Amino acid sequence: DTAVSQTPKYLVTQMGNDKSIKCEQNLGHDTMYWYKQDSKKFLKIMFSYNNKELIINETVPNRFSPKSPDKAHLNLHINSLELGDSAVYFCASSRTQGYTGELFFGEGSRLTVL
Amino acid sequence: EDQVTQSPEALRLQEGESSSLNCSYTVSGLRGLFWYRQDPGKGPEFLFTLYSAGEEKEKERLKATLTKKESFLHITAPKPEDSATYLCAVQAAKAAGNKLTFGGGTRVLVKP
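Protein chains in written order, with this note's numbering: chain P, 1 to 114; chain Y, 1 to 112.
Next up, chain P with everything else stripped away, as it sits in the complex (with noise of 0.2 Å):
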């Protein structure tokens, strides 16, 4: 049973277009986050949300508009992708903000925009 689950795998899409990740936690974590992966393996926050509330917003294209409809759930939306928006988007969870303690990470969405 998979903790942190997300979807699609991998996304292969044109510039311009808009695409959605959708991931979704089952250990009744409180926070939720999105980073980003680039070609160099840097993991970057881009969000975190704690039980629906919007924590962390990094400098991130506000093309880039993240949503958590329930503490179980945040979804990333990208509109009008961009070449340089190519990168593994990882999804992940932790107890709640504030905790220091480790974040379970989802599997990874790969975005390739041509």
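If you're looking for bench data, these hints aren't it; they were derived computationally from the structure.
Remember, predicted model here, so these are calculated numbers, not experimental data.
Backbone N, C-alpha and C define an ideal beta-carbon position, used for all residues, glycine too.
Computed cross-link-like contacts, SDA-like style, restricted to lysine to any residue with a CA-CA straight-line distance of at most 25 Å:
{"hint": "1", "chain 1": "P", "residue 1": "K22", "chain 2": "Y", "residue 2": "K99"}
{"hint": "2", "chain 1": "Y", "residue 1": "K99", "chain 2": "P", "residue 2": "E102"}
{"hint": "3", "chain 1": "P", "residue 1": "K44", "chain 2": "Y", "residue 2": "A96"}
These stretches of chain P come out as covered by chain Y in the derived footprint (C-beta under 8 Å, 3 or more residues):
{"hint": "4", "segment": "31–42"}
{"hint": "5", "segment": "82–96"}
{"hint": "6", "segment": "104–110"}
Use these hints to put chain Y onto chain P, whose structure you have.
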């Protein structure tokens, strides 16, 4: 700004050949330093959290240590299944939420 630098970028080991990975960091007050393992095509998997200088943690063939400026991940007598990318991350004391700042990782390949 918090920074994490990992070295070397890649490491090739023979099975049984022990080695160490380095994670140098600068952070405005450390809340925690984390080690993760990432296999190809998978998400990072948590290994350890270290909170203060002098602390050590062990798990099977892995041992993590922490000083005020760096952390080491020692791999003792590695096996091929230890092949992975090892990621280091820090969390600042004043970080909003649970923000982690990651290094670029060290790719470890253990040959039989």
